[in-house]
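Using the hints, put the two standalone chains together into the complex.
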Amino acid sequence: MEGDAELQDLYREVLLDYFRSTTRKGKLDPADVRAHGINPVCGDELEITARREGGKISALRYAGHGCVISQASAAMMGEALEGKSEARARELVKAFKTMMLENAPVASLPEELEPLSALEGVRKFPLRVKCATLAWNTIAQGLDASPAAKEA
Amino acid sequence: MNVSKIRADFPILKRLVRGKPLVYLDNAATTQKPRQVIESLVDFYEKHNANVHRGVHSLSEEATNMVEASRAKTAKFIGAPKPETVIFTRNATESINLVAHAWGRKFLKAGDEVVLTEMEHHSNIVPWQLLAKDKNIVLKFVPVEPDGTFDIEKVKTVVGPKTKLFSFVAISNALGTVNPVEQMIKIGKAAGATVLVDACQWAPHRTMNVQSWGADFVAFSAHKMLGPTGIGVLWGKEELLDAMDPFLGGGDMISRVTLEGATWNELPYKFEAGTPNIADAVAFGPALDYLTAVGLDAIREHEDRLAAKAVKILEAEPSVFVLGPKDPARRSGVVSFNISGLHPHDVGTTFDLEGVAVRVGHHCCQPLMHKLQCGGTARASFYLYNDESDVEGLARALKRTVDFFKIRPKAGVH
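Protein sequence lines correspond, in order, to chains A and B.
Be aware that the first sequence starts at 0, since it is given in numbering that gives the first Met the number 0, and climbs by one per residue.
Be aware that the second sequence starts at 0, since it is given in numbering that gives the first Met the number 0, and climbs by one per residue.
So that you can see chain B by itself, here it is in the shape it has in the complex (with noise of 0.2 Å):
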């Protein structure tokens, strides 16, 4: 793998933040895109644009076969049986919300258990309480250890005979976790379950097969792995898309409507309403061609070990607490942490002073940072264009921070 070949595919990796080399570190947040990306949305706008599914003109064709493409590529990259399966959201939230209308609605009644976990974010909790209310029913979560990992005995004491649905997020945004997907999907299923599974941080990172995993629903969005924003995925087991009712009404989804009812498209369509994010799919392709050049193992290989470098900094640095699993095998690229006395926010903007972007904050994972104690962290979080400079940018900002702020340990600022 050839980092400083690939950083020059990204434009941005050349641009100062307050006169400072950019150190992007914020990849759990968003990517950046290679210019195959954004050549790929100018080429679409300038010589293919048109409306897909209606006209029989050749740019709507051109269209139409350009997302249909990215589509297969979806489908390739994930293990997906057939393309159909692959509907295209606008983010993984709203992927989840359309679980929670168009299964959920249908097929949880009132008293059945959906069963959560307390680490996941927000988008995997609030589409369920918004049913919980409307359905009468009953949210459970698995519960999160201290070092931010699950006990896989409170996971099968958890879901039980009555949990009808089993959602919970394979990479934890906040701690970079590495849940044991396989285990906990057939922990789920062995209980009569409908499973699903929030891949985000996975997806960008890590091989995955959805017919392997047995899931039965697997979201995850495009612009955390290079594409752009705009364009979520939702792969669903054929049957189960089948016999849902459509999430959103109009264009495209029907395929007949009289002025008494409709009848509904076939796979995607059905779930596609309106005329969906045509440009964004269609570049979405080159970057799932990107990611497949370098290779998933080789970037996983690349930012576990970058992630590692940037634990044994922080963690050399008394006043400095990471949060997460200690053992590396169980920890993705995502390396979260608190300096003794010092709100993350203060942490984040002293970062960007040295050019270094990090999240800071709760993640969305406010259920987690309570369960943690902590209000919020800083989070820095490596992928394939990171190389050692950006390692020592952020031992540069921790140094500054610690400094200016004479911090030291325990004592902290207070």
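Only chain A is shown next, with the shape it has when bound in the complex (with noise of 0.2 Å):
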């Protein structure tokens, strides 16, 4: 809709396809990393499965029901996490929970994740950062809880 700069400016016409898109929607069976998040607020809970290869994460999906923030959050970051080493997919994290929790500028984000600019406007709604976090702090936690074989 023409006119609704507000809306416009939280609800960016990027963050309503990666909302709509089904590309990394589901679960991995088998997968190496599975980790389950559950936002407090709401009590919105998110699964999300992940499969490494080569020292890489290779395959991300997210499965639950969720906001237009918290759905495109989990979509960009899948599209993001997808092909970077373990290491890199930690540093991106990082840096996506510093712009959102710490008000750090949108330039200062790393290349991979120039599409997260988007959630950018969710920052003046606090509440609301828990939803775009939510994915991120789940796929921290599956990360952590285990870690990857080392590699011959």
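No lab work stands behind these hints: they were computed from the structure.
Listing some non-contacts, in silico: residues in chain A with all C-beta distances to chain B over 12 Å: (1) Val13; (2) Asp28; (3) Arg60; (4) Glu78; (5) Glu81; (6) Lys83; (7) Ala86; (8) Arg87; (9) Glu90; (10) Asn102; (11) Val105; (12) Glu111; (13) Pro114; (14) Asp143; (15) Ala144; (16) Ala147.
What follows is a list of derived Cβ distance ranges for each label pair: (17) A:Glu12 <-> B:Glu391: 28 to 34 Å; (18) B:Lys325 <-> A:Gln7: 34 to 40 Å; (19) B:Ile11 <-> A:Gln7: 26 to 32 Å; (20) B:His121 <-> A:Lys83: 35 to 41 Å; (21) A:Lys24 <-> B:Gly191: 50 to 56 Å; (22) B:Pro80 <-> A:Asp3: 53 to 59 Å; (23) B:Glu391 <-> A:Thr97: 38 to 44 Å; (24) A:Gly54 <-> B:Lys405: 39 to 45 Å; (25) B:Arg14 <-> A:Val105: 28 to 34 Å; (26) B:Ala315 <-> A:Lys24: 28 to 34 Å; (27) B:Gln365 <-> A:Ser116: 30 to 36 Å; (28) B:Asp42 <-> A:Lys24: 56 to 62 Å; (29) B:Ala292 <-> A:Thr97: 52 to 58 Å; (30) A:Asp3 <-> B:Ala68: 49 to 55 Å.
Derived coverage of chain A by chain B (criterion: at least 3 residues anywhere in the stretch with Cβ under 8 Å from a Cβ of chain B; other residues may be distant): (31) 31 to 45; (32) 124 to 133.
We put the CB at the ideal spot given by N, CA and C, even for glycine.
Below, the structure is given as structure tokens:
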């Protein structure tokens, strides 16, 4: 809709596209990483599954019902982390959370996280920041809980 | 009922939210406070502040009398036989926990049944789950029908001879369902059970008389009825309160303490350990005065009318689904709804941009949401100071949301 600049600033078109996207929705089975996150504000649950291959995250899926912000954030995270080494994935999680929680400038986001700058408007709604970070906290917890086996 | 005069008593209604006049429709969560309540808090701290039931000095006596005057008003408001049967707690949650600890621990034994319902707020589920773990009691739940009501025949089936306690919500905070309270109390009493009523959504909106109800315990919160936060009420039958052990131990609740032991103070102080929330108890008095002066019947009629208008507006939008009973006689001033394909939190944020405050999420009723197969809802709840402009605000926010997300029935934004 044209004219609703205020809503467009929060719900940018790119977010709505990722929200509608089904590319990374679902569960991987088998999976090397499995994590379950709950947003205490709304009770929404998110399950993230991922596979490792050659020291990298080869695939990532998210399942669960959620708002535009949490689902779009999970979809963008999946896109950003696939193909990355675990160390790089952790750096990206940290960079994203710093942007959301500490108001770091969007320009400081690593290149791989460029689409995530669309979540900038969410920072004006402190209660919704938890929606944006849910997937990221969940994958971090999953990586911690299932450390990669030492590559031969 | 002169709503514009009432609105003038609530200073917060003049403020802007995100540049728009506040449309406050989150009254089931907490209500706004009239200046009479706010001034009472200031007056207490400026002129009367002292600890209660202790000093012999003038201020302590004044403070004590003011708290007891509020207790007497509360007793009168709910038809309690004696002010001493009104216990001040922090909130209804604490009131229910008090019963679970002080009555449940003493009188329930392994194998006893506690009957709750699927409609309960977490505050009337979790205290019993904690107790069930400790005492090996059995929890049973009256099922909720798809329209958000109870089938009274099922209540009669679940409540049985082994039921020692039947605890249920009078009006659902999530759906606005008005339950047949007296009938349900009768079923519990006929089975020989002790009956606790969660009256959080009833006390602010409908007259009640705890004696004619015939329940054993009734719990509610002051902040949902124009009063300050931090004051809840537990009313109990005197013989039950007498038979119970204390909840918390400390000052005020004892009659005599030696190093070997203690004896308990009389009611209600036995259950009010430590320095109570004096100022807020005092300020609950003018809240009750305000509701009494306007009249609960007039308030109920007013909010029912606004809620009916809201339901009509919401149902005119094809993508909206209104939950709860269709029959207005079985619904309070709470309207819970979902917009097809849109998460309640996105609804809440979009409404907020229009200055409209609604509650979104599971309303602390996750088992109920699970039963109704929705993760949550958006909820508009009305009170005496709401008017047509608030219904218009809701309509405006709804249109803006639907337009922005280009929502069509069924298809949604998915």
